[in-house]
Amino acid sequence: MGKRLSVLLAAGILIMTMAACGANKENGNSNTASSSGKPSGSASEKVYKFATDAAYAPMEFMDKDKITGFDVDFLKAVMDEAGLKYTIANTGWDAMLTEVQSGKSYDAGISSVSITPEREESYDYSIPYFESTNMIMVKEDSTVASAADLKGKKVAVQGSTTADTLMSGIMGNDNANLKRFDSNAVAMLELDSGGVDAVVADIAIVREYMKNNPERKLKAIMDTASFGSEFYGILLPTGSELKGKLDPAIKTVLENGKYKEIYKKWFGEEPNVDNVLNAK
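Take 708 as the starting number for the sequence shown in the numbering used here and just add one per residue.
Hints are computed from structural coordinates only; laboratory data are not their basis. Where hints are given, some of them may not hold.
As the list claims (entries may be wrong) - Label pairs and their in silico Cβ distance ranges: (1) 932 x 981: 19 to 25 Å; (2) 978 x 919: 32 to 38 Å; (3) 812 x 918: 31 to 37 Å; (4) 918 x 769: 17 to 23 Å.
Keep in mind it's a predicted model, so treat the numbers as computed, not measured. Cβ atoms here follow ideal geometry from the backbone N, Cα and C, with glycine treated the same way.
Working from the sequences, and respecting the hints, build out all of it.
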């Protein structure tokens with residue numbers, strides 16, 4: 708997922724609890740978890756704080772007052788393997804980027820964040836843990852068959868995502884027909900209402916939306932020539948000491964079968980783990 712790079716200040720008050728379930732906040736929600744299967748340290752052991760934008764089902768989303776999704780299960784497996792305590796809070800996308808970059812309120816972000824050269828100028832990343840690509844979603848009767856067919860069409864994307872970058876290259880950055888929204892959910896509603904001809908978004912999000920809304924008669928188009936693979940990593944402040952703890956744990960989770968178990972739970976199929984392990 709490429710998500711937004713723009714930084715808009717998002718108000719939120721984080722209240723941490725030691726309960727295993729999510730805790731209500733005035734603006735947002737949090738889950739608290741600790742490692743299992745590894746020896747724990749003293750009561751003063753560091754608790755790492757992770758931020759997320761829980762509006763990206765099935766990767767991360769809210770189930771009542773609890774943050775859930777593939778990334779949430781994956782993070783638990785990694786932190787268990789590393790023997791580290793942590794919390795995860797729903798901060799929103801822009802606040803996550805701001806706070807992780809500063810390293811003051813949060814130690815890391817996990818929110819389907821694609822690893823890009825532009826982001827690597829401002830952040831460190833863990834090793835890759837998920838392979839994704841962008842996909843086109845249109846109405847069933849649409850004649851669009853590839854990204855090239857989107858020229859001259861009205862296209863919705865989440866602003867400052869990899870979808871935005873790709874479609875800016877195809878349509879032109881200042882093209883009035885390229886509609887940028889604050890979230891994919893709003894972009895998809897614009898397609899439903901007929902305000903745009905297509906939405907471009909991460910494959911997992913497109914598939915999940917279509918699965919949950921069959922009555923809307925949509926179809927998805929894969930264009931690997933225009934939209935290549937991209938890989939998600941855990942977002943870190945530059946120079947973070949956490950990277951040295953996360954990377955070996957992620958590699959173990961990818962190799963020991965736990966990753967396949969989590970992937971199959973959320974996507975109903977086997978992942979290509981080798982592609983992720985060999986990603987640069």
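Q.
Tell me if the beta carbons of residue 978 and residue 919 are separated by a distance inside 32 to 38 Å.
A. violated, 21 Å
Q) Has the hinted range 19 to 25 Å been met by the Cβ atoms of residue 932 and residue 981? A) At 22 Å between Cβs, range holds.
Q. Is 17 to 23 Å right for how far apart the beta carbons of residue 918 and residue 769 are?
A. holds, 18 Å
Q: Return holds or violated for the Cβ distance of residue 812 and residue 918 against the range 31 to 37 Å.
A: With a Cβ separation near 35 Å, residue 812 and residue 918 satisfy 31 to 37 Å, so the hint holds.
Violation of the numbered hints given earlier is confined to hint 2; every other hint is satisfied by the structure.
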